[in-house]
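Asks: For reference, the chains in residue letters:
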Amino acid sequence: MVGSQLRKIPQFFKKSRPNREGWSAISPRDRLWEEAYRMRWQHDKIVRSTHGVNCTGSCSWQIYVKDGIITWETQQTDYPTNGPSMPEYEPRGCPRGASFSWYVYSPLRIRYPYVRGILWRLWKEALSQNAGDEVKAWKSIVEDPAKQNLYKSARGMGGFIRADTEEIYRLISASLIYTIQKYGPDRIFGFTPIPAMSMVSYASGSRFISLLGGGIISFYDWYCDLPTASPEIWGEQTDVPESADWYNSSYIIMWGANLPITRTPDAHFMVEARYKGTKIVAVSPDYTDNVKFGDIWLPVRAGTDGALALAMTHVILKEFYVDRNVQYFEEYASTYTDLPFLVILEKVEYEDKDKELYTPSNFLTASDLGLKTANPDWKTVLFDSLTGMPVVPNGSIGFRWSEEGKWNLELSSEGKKIKPMLTLLGNEDKILPVAFPYFEEGADGSVLTRELPAKVIRADNKEYFVTTVFDLLLASIGISRGLKGDYPSDYNDPKPYTPAWQEAITGVKRDTATQIAREFAKNAEITHGRSMIIMGSGINHWYHNDQIYRAILSLVLLTGAQGVNGGGWAHYVGQEKVRPLEGWSTVAFANDWSRPARLQNGTSFFYIATDQWRYEYQTAKIISSPLAGKYGALHFADYNVLAAKLGWLPCYPQFNKNPIELVREAENNGSKDEQQIVNFIAEKLAKKELKFAIEDPDEPVNFPRILFVWRANLISASGKGHEYFLKHLLGTKNAVMGKELLVKPSLIILRDTPRGKLDLLVDINFRMDGTALYSDIVLPAATWYEKHDISTTDLHPFIHPFNPAIDPAWESKSDWDTFAGISKVFSEMARRYFTSPVKDVVTVPLMHDSPDEIAQPRGRIEEWWEKAEKPQPGKNTQRMKIVERDYSAIYKKMLSLGPLITQLGMGAKGITFNPGEEYDALKQELGENIWQGHPDISTAVKAAEAIMALSGATNGSVAMKGWKALEKKTGVKLTDLAEEESGLRIRFDDLVRQPRRVMTTPVWSGIEKGGRQYTAFAVNVERKVPWRTLTGRQHFYLDHQLIREFGENLPIYRPPLLPEPLLNGEMPEISKDMDKDKVLRVRWITPHNKWSIHTTYSDNLRMLNLFRGGPTVWLNNEDASDAGIADNDWVEVFNRNGVMVARAVISHRIPKGTAFSYHAQDRTINVPFSTITKERGGIHNSVTQIRVKPTHMIGAYAQFSYGFNYWGPVGNQRDTIVYIRKMQEVNWAER
Amino acid sequence: MVAEVELFLWVIYPYVALTVFIVGLILRYDKDPWGWTSKSSQILERRLLMWGSIMFHWGFIFVFIGHIMGLLIPVSFYKSMGVSFSSYHIIAFYGGALAGVISVLGLFVLLARRLLNGKVKATSGIDDYFTLALLLFVMLSGLLNTLGYSLLIGEYDYRSTIGVYIRSILTFRPDIPIIATAPLTYQLHTLLGLLFFAALPFTRLVHIFSLPLPYLWRRNIVYRSISRSS
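So the protein lines, in turn, are chains A and B. Under the working numbering, the final residue of the first sequence carries the number 1231; numbering is consecutive throughout. Under the working numbering, the final residue of the second sequence carries the number 10230; numbering is consecutive throughout.
Source of the hints: derived by calculation from the structure; they are not laboratory data. C-beta atoms are modelled at their ideal positions from N, C-alpha and C, and glycine is treated no differently. Treat the hints with caution; some may be incorrect.
Derived CB-CB ranges, DEER-like [claimed, not checked]:
id, chain 1, residue 1, chain 2, residue 2, range
1, B, W10058, A, E272, 39 to 49 Å
2, B, A10133, A, L6, 27 to 37 Å
3, B, I10176, A, P28, 41 to 51 Å
4, A, W41, B, V10023, 47 to 57 Å
5, B, P10183, A, N1105, 32 to 42 Å
6, B, F10202, A, N1105, 21 to 31 Å
7, B, A10133, A, W72, 55 to 65 Å
8, B, F10093, A, W41, 51 to 61 Å
9, A, V1226, B, L10170, 28 to 38 Å
10, B, M10050, A, E1175, 32 to 42 Å
11, A, V1226, B, P10183, 52 to 62 Å
12, B, W10058, A, W72, 36 to 46 Å
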């Protein structure tokens, strides 16, 4: 107010009134100044929301709005209690989360829709030339090589202009219609990660694209956050305890997980556990922030963690299984692991042909015994020590799909009680020498020969030598029990896998390894399993991550810690626990309207689409077993072709023909129904008239054409092999320096180097990040404080809402509204271009948790095309389904819940139920405004309500239906777990009031009943529900043919890869003037950042202020001084994949021979030009590349069957070697 | 032409400067109560600040007192008090030079600190440099008179020239000739001094007016009444 201060001036001249004693006085001045402080904490409103994608902490925050502006956020403190004697969840949230309010108004915020100017000009011209026919206009652009090149080569080069939202939607729709008509809907893709963090936003695009028939690309495997060991051991993607359960543990190993940094709001449970006496062990190559919480630190050499774990396994087996019998461990191992199961020993030849030598092959099954039973190939066998006879116990996967109600872990066989025999030693028929592959760093694989006890089984005129998995494990790990062979004599014998052996590899003292192993097991023995390993990306982002994890997880399996509160593994990387899973997947993949959706595994897609396979210079021989046969030395891409043709992994684009055309052709040739159409296609495949697209990926007809990216920084932060993305997928400037086709695949047709495969890249984003900069179209997205959504996490059992604190700023829209808008324009335009619904043939791999997971017995590879056989879809190749698509109805379907769920049922993880009552209730609650007879989900809140109403975690009646279905399959009583909550349902408004704890559901394996902390596999252990694996138990032994080719039947040690940073002849001009002494050659590690919100948002002003304000690379002080690099010098990091430019941070914390570049430092801030490429320096992913592991592609074999984000090769990036040198000149080239 | 320049320099400019000074102060006080601050950087650096700040401030206070003595109080007052011309000038010369030199040295320390200390430099804005530079120029031009003019050329009786002029301005009867004939260095100092007053409301120097003097005599405990109209 004008003069408000001046009016106070007279107060200065008035006298104060002293009291009688004269010590105090009453001043004549007013107290209005205090208003400022009062107003500081007055707000227009305070709204509950959270942060969605990227950080998976899922913390409830209060967002403050003042004068219409978001001012700040504070932690919510109203979490329901964890009960007495437990620490509480509140407050949750870290300083990085508290900096997000800044981001809403960040300079990088995308405020308006943008199109690259060149493309917009071409579009406008084409529109006028084609009389406004938009599809023709798009055709005229993308079919003209000159025009194509014009806008594709401009990607990433700036030049965005604002455009009208509606007009942009029309361009997008035209490109979609053109692509569907020309190539088929399977050339359209969408990428978005981590649905748990904002389920409705994820579902927005995935629902739209699934309705079109496009492919949704998975992220968990692509981010290398998927621990492939989890499907291998448990048949489960990832299932881990909530963080409060750490407090229940009395021995915790933090292994490659930096809790205070990456799990900031949860780390307190670990600290509090210390106060009650829990011992904390830290395993980490560098002195990270979590190490200081450790009672002891094991500084293991980066990437060699598996060796340490195997030595610890050695100690535990020796001291707790062989020298001494621990009843708890033995009972656990006999009931819940595959250790007692029998494995056939096959004769094998290696070097000396006359020497008798055996190798473990398949599990012995009921069919080997000649038993007449359903699915005999899928029922595994063990010895019963009560009768001394081989028996088929309940619970193996054969029982799961035979509907006998015997799929359970009761120790019985045909109604009789059994006692599994763990070791055959003492009851053996023979002692046999068995070969175990062994791998050392920098050397070819070799073989260890060790004796073990075997029994002879005779059935059907055949004779088998068999042994137990336990005996195999003991022999493999090197515990002789008096048997002969290459066994170490004691812990100090440096033969695999003793504590002395690991010392040479990991650098951890043998006594320390022994001590920790002993303590870990002793604690589990006393507490019955309360020993825990919290593990993370530090050990998971490696090529052989499954072997590292299998070695470490052996520790929790052998100590009976898994499935016990306070025990087991706790892996928190890219958490993925969509607690309301059934409802979410229904909405997200439009399973309520049509099935199946095209769900593509990410790593395979990008490996092929970005042509990184062209740069392989070695075959799989470098990692295969010395005993390998035919499948041990293929080109890495060949395995992916095998996986596609055998129905193991998804393969979109599907064929070298439009799938809609293909159905039309079949119908023109007289095919009447689905069966006949599929037959027609199978015949064409057999006659080689039709090819899988992956067999010829560089032929333009097989290119992916349109890609939508939302909630992600695909091209940059998660673009492993970033420069290959730029070169091949986008066709723009790049820094790729490697030579192509140094080794050639045999199953792929080789073509000229393709550039710019994508016709259109659409990014929906609120940041102008690396992906937005390279997109053709950028649509402004609402931030997490501007929309409705829901979020869950592994780390706590609550479900959190997002609420808009303000309306989406500028022209931004929520993801749900954006895709609804596109679908509306698309449907209107489709009416002109599609006269009637079309039929689309969808290929689906043989899926996990479906009867198809028992399609290929014994895991034997049968190449039907070699024998010129007609493939059998659903058996030895992809399953094929016909889906009818009415493109003019996409909008109506998008925004209303379809009736298919009440006709076919719905569910997850093999549990199916009919949600009839829930569907009817939703009609009344949500209305039928969009389409009469169907619940309206036109808003994000309504979509969230539908998701929660259809999920067991949030709706007690659905949980009851699921438990009933599982009771039927297992023959075990389960409904009591959910009975007390059967009438409860969590609604969106409930969440807004207070965080709500989810309910016990069969979709997950914890038991929350009675306020217990969630721990993975409690249901399996306490209720004898099998794991979804071959034996139904937790697996040590894996018997697929391809696994054996790589020698990984048992947990073994696989050293990190040592790829050459540059090959001879690559970058000759660099090699020439490279002063060899001044160039570092180091391993490239990209851990999570301290100064950013999880993996992105390091361009936040506050974060930049905290640390160096731009891209950095951390180097060891001695390494740096060798290369003449001082702190804060500019350095160039390079190899055949590309170049990154950054400042050096010199620290003794970094181990020698390693460079750290914290994850996701985008190239938006402070990046000078590279002297090598003469272009602006790249990002941390410029020097990485994808390396696929063949064993991750196995399919149609029990737990080795495809599931979205469950299985597939992982986009690992730590097996990377780079050169680093000081930059002599720093050119900013500012114009 | 000369007359117009003189009119501008010695009449228009002084009144504009003083108007800006007074109106500016009032507006600043009214509009920017939270920005009324000395903008202390003591939290970032203490050691140099202690030397620079104490030297500058005490020097400045004595220089200021000297200006009141010399410019606002007429010579007749001193005469009536029995202070002779020569004894006044000895006091003014030694006292003024000492205070001026200490103050300027303090300013140099403050400027060096601002330029060389990374933390202080990083938090400095253009206004900080402007304030320091302005003070430096004013003080140096003053020293030029006190030390330079007095030592090199001789005593100049500014009390009966500049002082008269200043009083003529303050009494709205501007006396142009008396200032127009003053030595160039005295004119320069006068002009810079006026600039100092004009700039003051827009800088941290406003803290001059927030000298917490009432602490010297206020009661030990001071209450304020909740009623807003007291």
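Asks: Which of the listed hints are not met by the structure?
Replies: Checked against the structure, the hints that fail are numbers 1, 4, 5, 7, 9 and 10, while the rest are satisfied.
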